[in-house]
Amino acid sequence: MVADEPTFARLMVAAQDGDKAAGNVLLTEVGVWLERYFRRRVPPHQIDDLVQEVLIAFYTKRATWDPSRPFLPWLAAIARYRWVDHLRKVYKHDAKELMDDDAVEDSEEEVVMARVSLDRLLSGLPEKQARVIEMVKITGLSIREAAEKTGQSESLVKVNIHRGLKKLATMVEEVE
Amino acid sequence: MTMEKQQSREALIAAMAADMAPVQRVKPSQGAALIAFAAVVASVCCIAIFEFWTGQITGDASPFFWITNGLLLLLGASSVSGLVSSALPRVGSRGNAPFWSAGMLALAPISAFITVLSWGLNNEHAHHAANVMNDPATWYWECGVYGSMAGAIVALAAVLFLRRGAPVSLERAGWLTGLAAGSLGALAYNITCPLDTLAHVAFWHTVPVLFWAVAGRLAVPHLIRW
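Residue numbers (this note's numbering), protein chains in the order written: chain G, 1 to 176; chain D, 1 to 226.
Only chain D is shown next, with the shape it has when bound in the complex (with noise of 0.2 Å):
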């Protein structure tokens, strides 16, 4: 029952307690669970669109493509944790884990950056950034929307546990479903991509954190004020 503001205290506390009833505990072991389903929900779509990569399994994947899943799978991780907990209302300190994990992620799209521009630079190693940029690879963007688009389901779940809880800080909760929804999905598409360079994973695998990170911020608060 909704309650509303009455013309005293005393009628509202007496409203609210005769429709007191038992409630159902939220917990954040329930949003972890919730947007780890979403997440493999995200992946098996992914994987009936797109087969499962099975270079994965034979030993064809760059170092690339794990370093940047893994920190992909740790940001999700880090930033689930910080979700789920600022779902409810708490004061102090929080932890700025999931923060530290985005830069960690962003030195992939960094390095892969200075990388290519060292090369370009240098007439012994020109011949290396003109592959690169010659690759197809380099610039088969569709991986970026892909990623994003798997990061809708996860962003869906996170929203609807923020919303069934009480967040305090609507921004952070807004920049934490971003970075949930951006990395876990990126990871859900990751899993089906075959292009493994350096300059294709760093930048079209990780692109999607950044989308959902701007985008979680703008519009996750709005969806979750309470």
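Only chain G is shown next, with the shape it has when bound in the complex (with noise of 0.2 Å):
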């Protein structure tokens, strides 16, 4: 069972306050609500990996919590920061681990709800900007690929992936 509001305050507190015990419960607290909060939103054997970097921040950043506002939002924008910079970080670079068979090893259901996720935001944007992104950075076809397949120029693709990555990125931190 996941820690409620009043105790995560009450734990945070403690913590700010320097009670190395109460960091302790706090931390792995903190580590399980993350956990939950990243399984609908990434693969899953990307959580483990997001769960430390989020603590790392929780715990860089802990004094930026004011203790007369509630904590889960307070978490949950960090938490959503951190996110939004992971996903840049995988669409730029490791995006095809999307569709890594380890994922499937763990929970179907997770590599699924991860990818329509996705779609559901990739659908926001204009189409072809979508398809390029989808094409080069998700199932990992060449500039010169997707050019041809779209009948796009290579420089139009990149300005497309350029865009509609950035779009992306304002999406996810629009998300509530």
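Since the hints were made in silico from the structure, they are not lab data. Check each hint, because a few of them may be wrong.
Facing chain D, according to a computed beta carbon distance under 8 Å, are these residues of chain G, among others [as the list claims (entries may be wrong)]: (1) Gln16; (2) Asp17; (3) Gly18; (4) Leu27; (5) Asp48; (6) Val51; (7) Ile56; (8) Tyr59; (9) Asp66; (10) Pro73; (11) Trp74; (12) Arg80; (13) Tyr81.
A short list of chain D residues far from chain G (calculated; beta carbon distances all over 10 Å) [as the list claims (entries may be wrong)]: (14) Ala32; (15) Trp119; (16) Ala126; (17) Asn134; (18) Val145; (19) Ala152; (20) Val159.
The beta-carbon is built from N, C-alpha and C at its ideal position, and this holds for glycine as well.
Hints given; two lone chains; assemble the complex.
Set out below in structure tokens:
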């Protein structure tokens, strides 16, 4: 069971005051909460990496929580910020991992959900941008191959990918 | 202590818990105070270099001077307010007051342009347009540069505070830093400038806002990424 808002808030006040035991419990609970948060947002094999990233961010920026404000929206904002950053990296360098088989070993449903979320995001882009992002960043085609398939020039493919990713990042940031 | 990813989450949590020390909470009011202090420092520097324009006290300042500086002050207040609250992570919609304030300030140069243009297009008032164009104050662009330079002090304070915080919308923080630096920097310089004609005040006393808004949007996100 994941801790509730009052428990989180109480532990966080203690952690801000340097209570190591409370800090340990809090970090563990935050880890569980983050795991659930990311379960529907990224493929399973990326979750632990992302949870660790957010835990580090959480620890480093713990002074920015104001006890007069709710804790979970603050945590969610940090998690979303890191998630957007993670998506940028994935789309830029590691997009093919979304299709890797090792994800299926854990849970096929998780992969499908990640894929569905991705498709929903892509559907918010103009068709030309979504098509080339899908081809180059997810399927793994080269810029030239995508240009030949879509009839766009190579420069236009690059521009559409750049603009599409930028818009995608904005859309993710706007997600509540 | 800087934390790095570990083999397991448990190991990372253990390391962080062992290192858990009391922290001083980051408060928006600290940011507002720091930026206000930077604006005062910028004003003092401008006064030391250019001298305070006493026309403001003796009643010589034109209405344009007061209206423009009033709008700059409002823009500065709203952008600083938005900026310091954006330093703390939060979800949900944020107010757009700073951008509306910037729009209101933009009315100064737009109205000045329309006024001079309409004078120029009407024979009866063409001499007014000629006067404006022949007035050296209209072309005294240095005020825009000085105001922008003063804005650097405000921008520095804003970036320092944002780096202490954890802004989750970097582009917005960049715009707000630019608007705050431009408006408060311009204001810091403007109180030393005796040129208070419509064209001069509307253009050269507001252009630092445009400069810093663009500079803030382009440069600040790279400086505050965490």
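(request) Grab the minimum beta-carbon distance between Asn134(D) and chain G and tell me whether it stays above 10 Å. (result) For Asn134(D), whose nearest Cβ neighbour in chain G is about 46 Å away, the distance exceeds 10 Å, so it holds.
(message) The hint names Gln16(G) as touching chain D; please verify it with the least Cβ-Cβ distance against 8 Å.
(response) holds (5 Å)
(message) Take the shortest C-beta to C-beta distance between Tyr59(G) and chain D; is it under 8 Å?
(response) Holds: closest Cβ of chain D sits about 5 Å from Tyr59(G), inside 8 Å.
(message) Using the nearest Cβ pair, does Pro73(G) come within less than 8 Å of chain D?
(response) holds (5 Å)
(request) Evaluate the condition: distance from the CB of Ala152(D) to the nearest CB of chain G exceeds 10 Å. (result) At about 26 Å from chain G, Ala152(D) clears the 10 Å cut-off, so the statement holds.
(request) Identify whether the interface hint at Asp17(G) stands, where standing means a beta carbon of chain D within less than 8 Å of its own. (result) holds (5 Å)
(request) Have a go at the Asp66(G) hint: is there a Cβ in chain D nearer than 8 Å to its own Cβ? (result) holds (7 Å)
(request) Would you check whether Trp74(G) satisfies its interface hint, that is, whether its CB is within less than 8 Å of any CB in chain D? (result) holds (5 Å)
(request) Find the nearest Cβ of chain G to the Cβ of Ala32(D) and say whether that gap is larger than 10 Å. (result) Holds, because the least Cβ-Cβ distance between Ala32(D) and chain G comes to about 14 Å, which exceeds 10 Å.
(message) Tell me if the interface restraint on Tyr81(G) is satisfied: Cβ within less than 8 Å of some Cβ in chain D.
(response) Holds, because the Cβ-Cβ distance from Tyr81(G) to chain D comes to roughly 4 Å (cut-off 8 Å).
(message) Does the closest beta carbon of chain D sit nearer than 8 Å to the beta carbon of Asp48(G)?
(response) With a closest approach of 6 Å, the Asp48(G) hint holds.
(request) Have a go at the Val51(G) hint: is there a Cβ in chain D nearer than 8 Å to its own Cβ? (result) Hint holds; Val51(G) Cβ to chain D Cβ min 6 Å, cut 8 Å.
The structure agrees with every numbered hint stated previously.
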